[in-house]
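Enquirer: Residues per chain, in single letters:
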Amino acid sequence: MSIKTILASATVALSLSTAAFAQDPTKVGFVYVGPVNDGGWSQHHHESVMEMKEHFGDAIELVEQASVPEGADAERVFTQMALSGADVIFATSFGYMDPIINVAAKFPDVKFEHATGYKTAENVGVYSARFYEGRAVEGLLAGEMTKSNKIGYIGSFPIPEVIRGINASYLEAKKVNPDVEMSVVWLNTWFDPAKEADAAQALIDNGVDVVLQHTDSTAPQITAQKAGDVYTFGQAADMAEFAPMPRISSIIDVWAPYYIERVQAVIDGTWESDNTWDGIGAGMVGIGEITDAVPADVKADAEALRDAIAAGDYHPFTGPINKQDGSVWLAEGEVADDGALAGLNFYVEGLTGDIPQ
Amino acid sequence: MITLVKRPTPSRLWIVLTPLVAVLLTMVAGAALFAMLGKDPIEAIRTIFWDPLFNPQFAAYSRPQLLVKAGPLILIAIGLSLGFRAGIWNIGAEGQYIMGAICGAAVGLAAYPIDAWWVFAAMVLGGLAGGTAWAMIPAVLRVAFKTNEILVSLMLVYVAENLLASMAVGALRNPEGGGFPGSRNLSQYPAAANPELIAGTGMHWGVVAAFIAVIFAYVILSRHMLGFQIRLTGQSPRAARFAGVNAARLILICLGISGGLAGLAGLFEVSGPAGQISIDFGSGYGFTAIIVAFLGRLNPIGILLAGLLMALTYIGGELAQFMLGLPASAIQVFQGMLLMFLLALDVLTNYSLRWRKRETA
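Protein chains in written order, with our numbering: chain A, 1 to 357; chain B, 1 to 361.
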């Protein structure tokens, strides 16, 4: 087949798909990095999507694809979705960044939304939640609840988003409990129940009695439940099935309102590239119910912290804060700006160990 | 009752027929599976096998993608097949693929931003060296200490994966990436990029290398002394020893070739379709290539066809996922059935079926 015919058929395909836009419902595509039943990140996106679908009903056509590896395969999946006539495509993992930018350049009429990334374009918007606000609340609870003064943190990838969470929870834990120590385990995966269970077990064996996680499965909760006197927090989803123990609270990603708003904008033709970074105040980060395993006064403190952050009265990264090496990061009363937070790649003072390099 | 009778020699007819029958049986069983999931089975099979090739909406894009996806599979599987024929089991091609990508990309990133023709050539050598060196570890251990190359090569995959993660967040990280993991994008650095050679065909250097590898493997196996030694060792190691085949040398050569080709596949992938070293760069090509090698009967031409077929099930499978809402795991089951039917039908190559009347007591 000559190049000419390939190009010709490509044009036919394009015109076919644009013609289809006119009559058909708005086609919305979602791509997930994990299975939709991972119990955490991907499942929660999927559930928010279902909520969004319920809101719009037949006004939209929904297509979803799960377990798409980040890299060359992702680029093909986005392209095929765009070719199939999708009007807007949501890419719900950080590693989809370069593929999305490449594909978006080829399909100027299709809108793209990328979760947790930082590269935007005319037709690529990014959105993320200020999870670190929730981490601060978790940190307070962890610092109060630990009896061994040892907190464990299961890290996924050493990217700024994860490092922010570690720093935010450590700072708050240290404030309420100066003797607290935090050990971080890096897994280099978002979802791997076996590895997560191993990491939780290793932490618990080392005397840790509160485990925070930035990985998506419920394996750490199961491990903690078996170990007994260990506290955990739901991640991405509420994980309420592990309440009141070991799960004493959770950070919930609340995506549905954002999805509804953005899809509505596509339907109305008012969609514009954005850079959304909302927290507890705007309702994108939810703090799951703090259970009765937590003493009433601690619970009240945590809720006060939550409300102060939501109201904008308190920022978890307010100086004085030193970097791990002892040098000054934020002076007394200084608040970290979003640019510095977006690229955060160091531990704060007091944290031990190195960020994998 | 039915009994199996061993054939004096493997049936030539069944060697050719089993892959075809396996594909057909997979389609039938797959259709049943999709029907049970409440999907139209005919439409599902059509979406997987027909739409990527002939649906005007997708074909212009997915036909070239077939080559992009099949290229590394074929390149790796060709290397593996030489060893498999001689009974040398390199299960760690995924690790060699990753190491080839790391070493090749490292050469390119070190040269950044020099704009010269030799940059890509040096990267190719780097990829070749990385994959070969990684495969030499199980090879030398086997020759020197009689360790099991299946285990050693497989375990080294996990070592390579962790090295990859370390490279993506450390030594090879993009200094302009704002602290995020992942190297510079090589496909945006012209001297190091492995672009489409002819626009709209999907043909990049990795695909070219795969075709060359098919031809070389064919010539080596059918015309070359090395090919004779490989086949002889696979059929009868004792006879090979009497015929003067140096077993240690053959192990080093077979693992070296398969590692080198896997490393090349990694290099072509990282500089082309993937573009960068990232934590999730390894996407299982090294393991899928094992399926491709067996699906292609360890025969170079067969591997070429098997690689294309496997790529088709991937691309069609993705289409079926979002067009029909089939779960990803159903597609994986479908691909798994292909290998299972093939191996199950292999019995017919070596045995024939006989009806025998039950003897009365």
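Derived from the structure by calculation, the hints contain no laboratory data.
Possibly wrong hints are sitting among the right ones.
Stated by the list, open to error - Ranges between beta-carbon positions, derived for each pair: (1) A:G339 to B:L20: 56 to 62 Å; (2) B:Y218 to A:T352: 42 to 48 Å; (3) B:I301 to A:D205: 24 to 30 Å; (4) A:D229 to B:A248: 21 to 27 Å; (5) A:N322 to B:F211: 42 to 48 Å; (6) B:L353 to A:D109: 28 to 34 Å; (7) B:V347 to A:E51: 47 to 53 Å; (8) A:A311 to B:G325: 38 to 44 Å.
It should be emphasised that the depicted structure is a prediction, and the values quoted were computed from it without experimental measurement.
Ideal placement from N, C-alpha and C gives every residue a C-beta, glycine not left out.
Enquirer: Each hint needs a verdict: does it hold in this structure or not?
Expert: Consistency of the hints with the structure:
For G339 (chain A) and L20 (chain B), the Cβ-Cβ distance of about 60 Å falls inside the hinted range of 56 to 62 Å, so the restraint holds. The hint said 42 to 48 Å for the Cβ distance between Y218 (chain B) and T352 (chain A), and at roughly 58 Å that hint is violated. The given range of 24 to 30 Å is broken by I301 (chain B) and D205 (chain A), whose C-beta atoms sit roughly 55 Å from each other. Between D229 (chain A) and A248 (chain B) the C-beta distance comes to about 57 Å, which lies outside the given range of 21 to 27 Å.
As the Cβ distance of N322 (chain A) to F211 (chain B) is approximately 59 Å, the hint placing it in 42 to 48 Å is violated. For L353 (chain B) paired with D109 (chain A), a C-beta distance near 59 Å fails the hint of 28 to 34 Å. Distance hint for V347 (chain B) and E51 (chain A): a CB-CB separation of about 51 Å, consistent with the stated range 47 to 53 Å. Between A311 (chain A) and G325 (chain B) the Cβ separation comes to about 43 Å, which falls inside the hinted range of 38 to 44 Å.
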